[in-house]
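There are 2 protein chains.
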Amino acid sequence: MKNMTEKEKMKKIREVLENNKALGHAITLLHWDLETEAPKDAVERISKTLGYLTGENYSMIINDEFKNLVYSVNSEELDEVDKKIIKELKKEYFEKLEKIPKEDYMKYSELKVVSTKKWEEAKNKDDFNIFKPYLSEVIEYNKKFIKYRGYEGNPYDTLLDDYEPEITVKELDEFFNNIKNELSPFIKKIVEKKKSDKEIEDKKKLSEMTFDITKQKEMSLYALNLIKFDFNKGILKESEHPFTTNVNNKDVRITTHYYEHDLLSSVYSTVHEGGHALYEQHIDDKITDTILGTGVSMGIHESQSRIYENMFGRNKEFLKFIFPKIDEMFGLSKQGIDFESFYKLTNEVQTSFIRTDADELTYPIHILIRYELEKDIFSNLDEKTDVDKLAEKWADKYEEYLGIRPESCKEGILQDVHWSDGLFGYFPSYALGSAYAAQIYDAINQKINIDKELEKGDFSKINEILKEGIHKYGKMKTPKELIKNITGTSFDSKHYINYLKEKFSKIYDIK
Amino acid sequence: MKNMTEKEKMKKIREVLENNKALGHAITLLHWDLETEAPKDAVERISKTLGYLTGENYSMIINDEFKNLVYSVNSEELDEVDKKIIKELKKEYFEKLEKIPKEDYMKYSELKVVSTKKWEEAKNKDDFNIFKPYLSEVIEYNKKFIKYRGYEGNPYDTLLDDYEPEITVKELDEFFNNIKNELSPFIKKIVEKKKSDKEIEDKKKLSEMTFDITKQKEMSLYALNLIKFDFNKGILKESEHPFTTNVNNKDVRITTHYYEHDLLSSVYSTVHEGGHALYEQHIDDKITDTILGTGVSMGIHESQSRIYENMFGRNKEFLKFIFPKIDEMFGLSKQGIDFESFYKLTNEVQTSFIRTDADELTYPIHILIRYELEKDIFSNLDEKTDVDKLAEKWADKYEEYLGIRPESCKEGILQDVHWSDGLFGYFPSYALGSAYAAQIYDAINQKINIDKELEKGDFSKINEILKEGIHKYGKMKTPKELIKNITGTSFDSKHYINYLKEKFSKIYDIK
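These protein sequence lines map, in sequence, to chains D and P. The UniProt record's numbering applies: residue 1 is where the first sequence begins, and numbers increase by one. The UniProt record's numbering applies: residue 1 is where the second sequence begins, and numbers increase by one.
Hints are computed from structural coordinates only; laboratory data are not their basis. In this text the structure is predicted, and so the values were computed from the model without any measurement.
Stretches of chain P that chain D covers, calculated by requiring three or more beta carbons in the stretch to come under 8 Å of a beta carbon on chain D:
1. 30-39
2. 233-243
Part of the chain D face toward chain P, derived, beta carbon under 8 Å:
3. Ala22
4. Leu29
5. Asp33
6. Glu37
7. Ala42
8. Tyr52
9. Gly234
Virtual Cβ for every residue (Gly too), placed ideally from N, Cα, C.
All chains, full assembly: derive it from the sequences and hints.
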């Protein structure tokens with residue numbers, strides 16, 4: 001190693017990473033297979049294979065020889081991409097993982113498997129007690145890991161950084177305070193407004209209609225073509241829960257789920273995942289097969305899925321463009337649902353218990369609640385968290401912010417899989433994504449008139465701005481750098497609050 | 001190693017093989033993905049990943065440490081399965097591959113890629129000259145490999161053994177002589193018989209019908225359910241060319257291809273692949289994840305696909321059972337195609353140039369021709385094969401045995417991919433499979449009345465006999481042992497000749 005030039009070292013590092021990429025590709029495909037088509041009885045073999053490949057993938061990177069090689073590189077002599085690769089390797093693999101003793105890591109990995117199963121059982125039986133001891137253990141492990149990994153400021157920052165690099169409790173407090181103070185009362189105004197007979201009638205009609213699955217598929221493909229999803233570089237399939245997965249920028253796969261009585265569900269899932277997919281398809285060829293060749297953070301990723309789903313997909317001008325097609329395919333106006341009704345139904349605000357069913361306006365409140373609970377859990381590492389009280393706190397917050405109190409844990413603390421799988425610090429990125437999206441939306445509107453593009457159903461200019469401003473960079477820029485790059489300023493939640501208030505004031509005629 | 005017990009050695013060997021299985025699983029899935037759904041532009045990344053995984057899979061086994069371990073095992077002390085694993089490892093990996101110098105093997109692998117591309121180009125342009133030099137090189141490499149690997153008797157035996165262990169030119173000469181002497185004149189009689197107006201009319205009607213693809217899929221699923229394909233352990237999908245692939249007995253995947261104007265094509269492809277799939281699904285749990293856990297040979301595999309496709313699937317009683325369903329779905333009798341017409345159309349004999357389009361009766365003649373040519377090529381290793389003359393010999397044989405002479409190479413020597421990919425010795429197993437199938441059919445008929453089962457559409461007894469007699473063994477028995485096991489005697493082609501003559505004499509009213 002001593003006699004190697006930096007170029008030779010980089011060549012060797014890139015070789016290992018290329019093999020790592022190949023194994024990662026196989027792992028991605030096995031997961032994709034499992035979720036979309038593998039036969040039921042194949043699951044055992046698939047987990048064995050995944051176990052082996054994941055282990056190989058880990059030990060290929062996490063070993064002293066490779067670590068020493070990485071740390072021996074003098075980054076000053078590298079080009080921009082290689083420099084960033086070295087930085088990313090150190091951060092993602094050595095600084096994060098290596099600080100956690102292998103034994104703890106193994107036990108925690110096993111715990112997460114059991115914990116997720118127990119969560120599932122608890123949810124099915126609507127019995128929090130089944131899940132409690134596992135939740136408690138997962139929480140305490142995470143506290144332990146924060147201590148291993150270290151922190152400045154709030155300990156919760158360490159977890160937040162895993163999903164949204166560089167974001168801190170300090171910034172999120174400000175963000176979520178705005179949401180709490182501005183949106184919570186605004187939502188109450190909307191919800192308290194009496195619905196007209198026509199609104200009630202329209203909703204009933206839509207829910208009673210049947211939407212042919214083959215036609216829904218056609219509609220999903222039509223929508224993907226509109227937003228310029230590249231079918232040479234990706235596919236659409238079905239799965240229980242919609243998701244996006246990607247090998248590189250030439251292999252980006254998304255799923256949706258079709259329900260016979262719910263047209264909006266499949267179409268908006270498709271467009272949501274389509275937004276994730278465009279981000280991945282637009283990543284620069286130069287970095288696509290490196291560890292920098294994927295979306296930089298959960299928050300930025302979610303900003304792209306939500307800008308397509310909500311800001312473009314539920315935009316009035318866009319819906320005007322697409323309504324005739326929908327109407328032709330599914331005969332809405334024959335049932336008395338005209339464009340104005342359809343637009344309202346597409347943007348209906350309703351307080352509800354389940355996060356994943358929430359509309360665009362109430363969604364961030366669900367996240368606010370989780371954020372406050374998580375922050376509470378991890379702000380003090382030395383005291384054991386009282387999981388008994390968590391479900392109650394959960395319900396209290398729903399009552400306080402949305403005016404509804406979940407009667408069961410299934411509708412409350414047991415609804416999300418995240419905590420059972422140790423994903424603390426993940427939720428905030430969902431709300432952050434929407435807020436980024438609103439700020440990005442305003443920035444695009446400085447360059448072009450979005451409504452004018454959407455009334456033609458033309459995404460070419462919009463896509464180009466997003467590709468050049470965000471997508472192509474992959475992990476070459478941090479989330480904060482990307483926001484600055486495309487909007488010219490730092491993140492500011494006022495865009496989001498204003499966007500929501502303006503949009504829904506109009507729809508619900510609120511002064 | 002010296003201090004290890006045989007049990008410890010076996011444990012270590014099984015560990016390596018388990019990892020090998022995991023990589024093999026990933027490789028299988030990547031190929032499956034490539035053929036069934038991967039986006040167009042993903043191909044480059046997929047080949048890179050396959051290259052890496054295949055290399056790893058190879059070097060995991062082919063290395064001195066593992067080889068020494070395998071050869072250090074005293075097989076006498078092992079149970080039957082482990083004994084067979086050691087034998088298979090030695091035969092498949094060390095005795096076969098190791099004798100070929102790595103450099104030759106690498107060059108040959110590269111050659112095959114180019115050669116296949118050149119074959120494709122030659123076929124598209126119908127120009128044998130493009131392919132000739134590559135074909136010549138592939139042939140000479142195979143001769144060289146035979147020399148490296150050694151042979152007793154005919155050199156061609158060494159290649160034959162790769163696809164049908166233990167079969168020799170001596171046995172195949174007898175087999176194909178029977179086909180030539182008995183079937184070739186019989187086919188001529190049938191072909192020379194004038195068709196009735198009704199027969200001509202029926203054929204035209206069927207070819208002019210349109211068969212809804214969604215309904216064809218339903219029909220394929222119905223057929224698979226009938227033959228008791230287990231959908232918990234497998235799936236049906238679509239691809240350009242139908243095929244079967246398997247990870248273990250709980251993950252067996254098949255494809256078919258739907259054509260709007262050809263109902264029989266998709267259904268019989270499905271049933272053919274379904275036969276392959278049943279074989280794999282029925283393999284014993286004890287061996288399924290070992291190197292013994294798959295079909296033993298091409299010939300035995302083909303016997304199972306063809307027994308379901310032809311002997312059961314085109315059987316008159318079975319067609320009587322299934323015709324009402326087909327008729328209900330596709331309205332054949334409304335078009336004037338009654339059961340008798342349908343049965344005749346399903347078993348139509350027609351001389352043709354293209355092997356893959358051939359009917360049950362003329363099919364073995366296509367194989368006979370390839371066998372004679374290959375035998376000719378490899379019987380003399382020291383003389384360079386004159387590939388210029390091959391296309392002419394090909395045409396001469398079609399004229400002699402089927403009475404038709406291909407006018408173009410596309411319809412002649414360029415039709416099959418096999419030779420471009422170095423698959424010499426492969427073709428005979430196709431015909432052998434049908435002949436095995438006929439003998440197995442007669443053996444089943446000794447135990448139960450197949451017609452009686454098929455007229456009820458009931459495959460449970462048939463499947464059980466095949467599972468117990470053949471399927472469950474995987475590679476635990478050789479092809480010859482399996483034939484003996486299920487039929488009580490050695491292979492004899494008279495069953496096949498008799499079966500074909502009897503069936504088609506009746507259909508075509510030939511005395």
